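Numbering that gives the first Met the number 0 puts the sequence shown at residues 0 to 236.
Worth double-checking, as some hints may not be accurate.
Unchecked claim - 27 Å max Cα-Cα, derived DSSO-like pairs, lysine-lysine: (1) 162 to 233; (2) 64 to 162; (3) 79 to 233; (4) 70 to 216; (5) 79 to 146; (6) 109 to 233; (7) 233 to 64; (8) 214 to 146; (9) 146 to 109; (10) 216 to 79; (11) 70 to 109; (12) 109 to 16; (13) 233 to 70; (14) 162 to 146; (15) 64 to 79.
Said to hold, decoys possible - Distance ranges between label pairs, derived from CB positions: (16) 139 to 32: 34 to 40 Å; (17) 44 to 145: 20 to 26 Å; (18) 195 to 42: 24 to 30 Å; (19) 60 to 219: 39 to 45 Å; (20) 177 to 146: 52 to 58 Å; (21) 23 to 229: 51 to 57 Å.
Everything labelled a hint here was simulated from the structure, so no lab data went into it.
All figures in this text were calculated on a predicted structure; none of them were measured in a lab.
Glycine residues also receive a C-beta, built at the ideal position from the N, C-alpha and C atoms.
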Amino acid sequence: MAAEKRKAARRPPAPRKWLRKIVIGALLLALSLYALCALCVLGLRWINPPTTAVQMERRASAILKGRPYRKHYDFLPLRKISPNLQHAVVAAEDGRFRTHHGFDWIEMQKVLQQDIQRRKLGRGGSTITQQLVKNLFLTTERSFVRKVVESTLVPMVEALLSKDRILELYLNVIEWGPGVYGAEAASEYYYHVPARELNREQAARLAAVIPAPRKRKPAQMNEYSQEILDRMVKTGW
Numbered sequence: 000m001a002a003e004k005r006k007a008a009r010r011p012p013a014p015r016k017w018l019r020k021i022v023i024g025a026l027l028l029a030l031s032l033y034a035l036c037a038l039c040v041l042g043l044r045w046i047n048p049p050t051t052a053v054q055m056e057r058r059a060s061a062i063l064k065g066r067p068y069r070k071h072y073d074f075l076p077l078r079k080i081s082p083n084l085q086h087a088v089v090a091a092e093d094g095r096f097r098t099h100h101g102f103d104w105i106e107m108q109k110v111l112q113q114d115i116q117r118r119k120l121g122r123g124g125s126t127i128t129q130q131l132v133k134n135l136f137l138t139t140e141r142s143f144v145r146k147v148v149e150s151t152l153v154p155m156v157e158a159l160l161s162k163d164r165i166l167e168l169y170l171n172v173i174e175w176g177p178g179v180y181g182a183e184a185a186s187e188y189y190y191h192v193p194a195r196e197l198n199r200e201q202a203a204r205l206a207a208v209i210p211a212p213r214k215r216k217p218a219q220m221n222e223y224s225q226e227i228l229d230r231m232v233k234t235g236w
């Protein structure tokens with residue numbers, strides 16, 4: 000009897016067992032999802048995505064609200080996208096794209112200082128790689144959890160994909176207007192020309208739309224598009 004009592008005393012309480020199982024299960028699920036994402040990213044070295052999480056989010060939102068939805072999405076290789084647009088987007092969204100490894104710590108520090116001075120959260124300071132991860136795997140909802148997940152996937156994307164492929168994917172999947180995704184669709188939608196024929200001003204105006212594609216119109220982006228053109232000149236483009 001004494002031996003049995005000692006064994007019973009050594010057993011952990013039942014709630015502790017269940018908590019341990021829940022934690023282990025959550026970790027296994029997270030690792031499985033991370034591994035699945037890794038396979039998807041590896042596949043993106045050769046396969047162009049037929050859709051993205053943000054595109055699916057927009058479609059679902061339209062269905063729930065009973066609104067019409069039409070998607071314009073044509074994937075192009077980078078060589079068929081005007082260098083003007085490539086340069087304008089990098090100048091506008093991520094000037095150190097070619098030199099950082101997924102996170103622009105210099106820009107993040109500037110944004111943090113500005114937020115402290117203004118005493119409110121401003122622009123995010125996300126790199127092209129971070130924005131690509133959000134578009135491919137996450138949603139447009141701003142939350143701490145989303146940023147954490149995004150931050151864990153960015154190094155994977157930088158490790159498995161080249162900078163040219165990251166830029167190619169980004170230019171092809173991001174939103175440029177209601178139902179308008181990618182450089183080719185945006186170029187045809189706003190200027191009625193293929194993406195390879197965009198001139199510098201058109202490219203700068205399209206790049207100026209990216210931060211708020213459902214609200215901004217290229218024709219209205221006079222000041223910001225000029226700022227982007229100035230950045231391009233300073234960079235040597």
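Hints, one by one, checked against the model:
1. 162 to 233: 21 Å, holds
2. 64 to 162: 38 Å, violated
3. 79 to 233: The given pair, whose Cα atoms are some 25 Å apart, holds under the 27 Å limit.
4. 70 to 216: With a Cα-Cα distance of about 18 Å, the restraint between residue 70 and residue 216 holds, given a limit of 27 Å.
5. 79 to 146: 32 Å, violated
6. 109 to 233: Cα-Cα ~20 Å, so holds.
7. 233 to 64: Measuring from Cα to Cα gives roughly 45 Å; hence the hint is violated.
8. 214 to 146: 23 Å, holds
9. 146 to 109: This hinted pair holds, its Cα atoms lying about 18 Å apart.
10. 216 to 79: 24 Å, holds
11. 70 to 109: Violated - the C-alpha atoms of residue 109 and residue 70 are around 36 Å apart, more than 27 Å.
12. 109 to 16: 47 Å, violated
13. 233 to 70: Given pair residue 233, residue 70 is violated - Cα atoms ~36 Å apart, limit 27 Å.
14. 162 to 146: 21 Å, holds
15. 64 to 79: 36 Å, violated
16. 139 to 32: 34 to 40 Å: Taking Cβ atoms as reference, residue 139 and residue 32 lie about 20 Å apart, which means the hint is violated.
17. 44 to 145: 20 to 26 Å: At roughly 25 Å between Cβ atoms, residue 145 and residue 44 fall inside 20 to 26 Å, so the hint holds.
18. 195 to 42: 24 to 30 Å: 26 Å, holds
19. 60 to 219: 39 to 45 Å: At 24 Å between Cβs, range violated.
20. 177 to 146: 52 to 58 Å: 26 Å, violated
21. 23 to 229: 51 to 57 Å: 55 Å, holds
When held up to the earlier numbered hints, the structure conflicts with 2, 5, 7, 11, 12, 13, 15, 16, 19, 20 and fits the remainder.
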